[in-house]
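When we follow my numbering, the leftmost residue of the sequence shown carries the number 2, and every step to the right adds one.
Derived by calculation from the structure, the hints in this document are not laboratory data. Check before you lean on any hint, since a few could be wrong.
[Claimed, not checked] Here are the in silico distance ranges between beta carbons for each label pair:
(1) P530 to V227: 42 to 52 Å
(2) K192 to M437: 38 to 48 Å
(3) R652 to T616: 34 to 44 Å
(4) A631 to A76: 45 to 55 Å
(5) E225 to S455: 26 to 36 Å
(6) Q44 to E543: 48 to 58 Å
(7) Q426 to E389: 36 to 46 Å
[Stated by the list, open to error] Computed cross-link-like contacts, SDA-like style, restricted to lysine to any residue with a CA-CA straight-line distance of at most 20 Å:
(8) K192 to D168
(9) K428 to A489
(10) K179 to E231
(11) K500 to E591
(12) K179 to I189
All values derive from a computational prediction rather than experimental measurement. Even glycine gets a Cβ: it sits at the ideal position worked out from N, Cα and C.
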Amino acid sequence: MENVQKTTAKMKGIAAAGSIKTPNPHRKRRIDFRGMLRNQEMQAAALSGVLMLGGWAASYASITVSVILYILSYAAGGWLKAKEGMETLIKERELDVNLLMIAAALGAASIGYWNEGAMLIFIFALSGALESYTMERSKKDISALMALKPELALRIEDGQMSLVSIDELKVRDLILVKPGELIPSDGIIQKGYSAVNQSSITGESVPVDKSQGDEVFAGTLNGEGVLYIEVTQTSDETVFAKIIRLVEEAESEVPQSERFMKRFEAIYARIVVAVTMVIIFAVPFVLGWTFGASFYKAMVFLVVASPCALVASIMPALLSAISNRARRGILFKGGAHMENMALTSVVAFDKTGTLTAGEPQVTDLIAADGYDRYDLLAVIASVEHLSEHPLAKAIVRKALDEGLQLLPAEDVTSVTGWGMEGVVQAKRWRIGKTDMLDRMEDLEASAYWKQQRSLLGAEGKTVSVILEGERVAGLIALQDVVRPQAAAAVRKLQSIGVKVAMLTGDRSETAQVIGKQIGVDLIYSDLLPEEKVLYVKKLREEHGHVVMVGDGVNDAPALATATVGMGMGMSGSGTALEVADVVLMNDNIEEIAGTIQLARRARRIVKQNMVFAITVIVLLMTSNFLTGIALPFGVVGHEGSTILVILNALRLLR
C-alpha cells in the first residue's frame with residue numbers, strides 16, 4: 002500500500018507538471034526570451050558577443066590581450082558553424098554558407114580587422130541561434146504532449162486495486178483515476194463526475210464536464226472528481242499514441258522551396274568563392290589595385306554575397322506556422338504540407354464522420370392509430386438491443402435517452418437482409434426494410450405509408466417499418482446528423498475564396514439533402530473508394546490544388562491523391578491517419594479555413610523575406626564594387642538582414 006501511495010503521489014506530480022505545460026490554444030503567444038537564453042546556440046552567441054566587446058575594450062590597453070579575446074570570441078561563436086560546414090564539405094562535398102562566413106571572418110582577421118571578423122561571427126551565430134530557436138519552438142509545441150504520457154494505472158480486479166503499467170491494460174479493464182491525475186487510457190466513465198482538461202488532445206481552452214457514459218482520453222488531466230473508467234483501447238491504440246506516432250513523422254517532409262534552396266546554396270557558394278578568388282588574384286593585374294585593397298574588397302564581397310538571409314527565409318516561417326497550428330490541435334507532418342496548404346483552391350470532404358457525426362440518430366417516429374409513440378419506441382428498442390447493426394444501436398440509444406425501460410424480449414432473431422424480429426409482451430414484433438409496404442393488400446393504408454416513406458426518404462433519411470404481426474404499427478426514420486460546426490466551416494472556407502466539395506458513397510438523395518443543408522458547392526455521390534480518387538484528380542485538373550478531408554479506411558486512397566490529405570484525429574481510422582499529411586486532433590473542421598489563411602500568410606512572409614534578402618545582397622554587392630563599403634557596414638547590413646527575416650518569421654508564432 003505504501004508503494005501505491007508513493008506511486009500515486011508521483012502520478013499527481015506528473016499531472017501537476019502536465020497541467021502547467023498544457024497550452025491554452027486561444028492565448029496569443031509572445032516570443033519566449035527565457036527559452037531563447039536556455040538555447041545553447043544562443044548562449045554561445047552571447048558569449049561570443051561579450052568576448053568581442055571585451056576585445057574591443059582591451060584594444061585601447063593591450064593589443065595582445067585584445068587579440069586573445071577576439072580569438073576566443075571566434076571560437077565561441079564559430080565552432081558549431083565551422084563543424085557543420087566541415088561535415089557538409091566532407092560528407093556531401095558541398096560548400097555551404099557556414100564555411101563562407103568562417104572564411105570571411107578569418108580573412109578579415111588576417112588583414113588586421115579582428116573586431117569586424119568577431120562582429121561577423123557574433124551576428125552570424127546570433128542569427129543561427131534564432132533559427133534554431135524557431136525549430137525548437139516548433140518541435141516543442143508539436144511534441145509537448147509526449148512529456149504528459151501516462152506510465153501507470155490503478156486497475157481494479159475482484160475488488161482489489163493494483164498499480165500496473167499502462168502496457169498491461171486490456172480492453173474492458175476497470176481503472177480508478179483520482180483527482181489531479183492523468184487519465185492513463187482511452188475509456189468510458191462507468192462511475193463518477195469530474196471536469197477533465199482535454200486541451201492536450203483537443204485544444205479546448207476550458208475543462209469539459211464528464212460523467213457516466215462519457216468518453217475520456219489518455220493523456221488528459223482529471224479535475225476534482227474520482228472517476229471509474231472502463232478501458233476501450235490498448236495503450237498503443239489510444240488517441241495519445243496516435244499523436245506520438247504523428248510527431249515521429251513530423252519532420253519527414255521537406256518543402257519543395259527548401260529543397261531548391263539547398264541546391265541553390267551549394268551552387269551559389271561555389272560561385273561566391275570563385276568570384277572572391279578572382280578579386281584577390283586577378284583584379285590587381287587587370288585594374289592595378291594593390292593586393293591589400295583587392296583582398297579587402299574580396300572579404301567584403303564574401304560577407305555581403307553570402308546567402309544567409311536567403312537561406313533563412315523559408316523554414317523559420319513554415320516551422321512557426323506549424324507550431325502555431327499545433328497549439329490548436331492541428332498536426333502537420335512536415336513543412337512541405339504547410340507550403341502546399343497555402344495553394345488550396347478546393348477542400349473536398351468525405352461526408353460520413355467528417356461533415357456528419359458518423360452515427361445515425363433517430364429523427365422521426367410515426368405511430369399508427371392506436372399506438373403510443375413512446376411505447377412503440379420501447380418495444381422496438383427491446384427487440385433491437387441485441388443487434389450490432391448501427392441503426393439498431395441508434396434506436397436503443399434513443400430509447401435510453403428518452404428514459405424508457407427496455408422490456409424482456411424472447412425469440413429474438415435476425416432476418417437476413419431485412420431486419421429483426423422478436424416477441425415482446427406476448428406479441429411478435431418486426432422492424433426492417435419498407436419493401437413490404439409495396440405488397441400490402443390494404444391499398445388505402447399502403448398509399449399513406451408509402452407517402453410517408455417518400456417524404457422521409459426525400460429528406461435523405463433511412464426509413465424502417467415497424468410491424469405488429471402483419472399490421473403496420475409505424476415508421477421510424479434515422480439519419481446521420483450534420484456536425485454542429487459543418488455549415489460554419491463551409492461558410493468560412495467560401496469566404497476566403499475556397500470551393501467546397503463533398504464526396505460520399507451515400508445515395509444521391511441523402512447526399513443532396515446533406516449538401517444543401519451545409520451549403521457545399523459541389524456534390525458527388527454513390528462513389529466507391531476508387532471513384533473518390535478519380536474525382537479528386539478531376540478537381541485538381543479543373544480547379545487546382547485540393548485538400549481532402551476524411552476519416553475512414555475508404556478515404557485513404559483519396560487522401561493520398563490530394564495535394565494535402567487531412568485526417569480526423571478523434572474519429573479517424575489508423576489507416577487514414579497514416580496516409581494523411583495533416584491531422585485534426587480535435588476533429589474541429591472549423592479550423593481548416595484558419596489553417597489555410599495561416600499557410601497563405603506564411604507563404605507571403607517567405608516571399609517578403611526572399612525579396613528583402615535578395616535586395617539587400619544586390620545593394621551591398623553593387624555598393625562594394627561601385628563606391629566601396631567598409632567591412633563593418635557590410636557585416637551589419639548582411640547579418641542584420643538575416644536576423645530581420647527570422648524575426649519576421651517569428652510573428653507567425655502568435
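Item to check | Hints violated by the structure (listed by number, smallest first) | outcome: 3, 4, 5, 7, 8, 9
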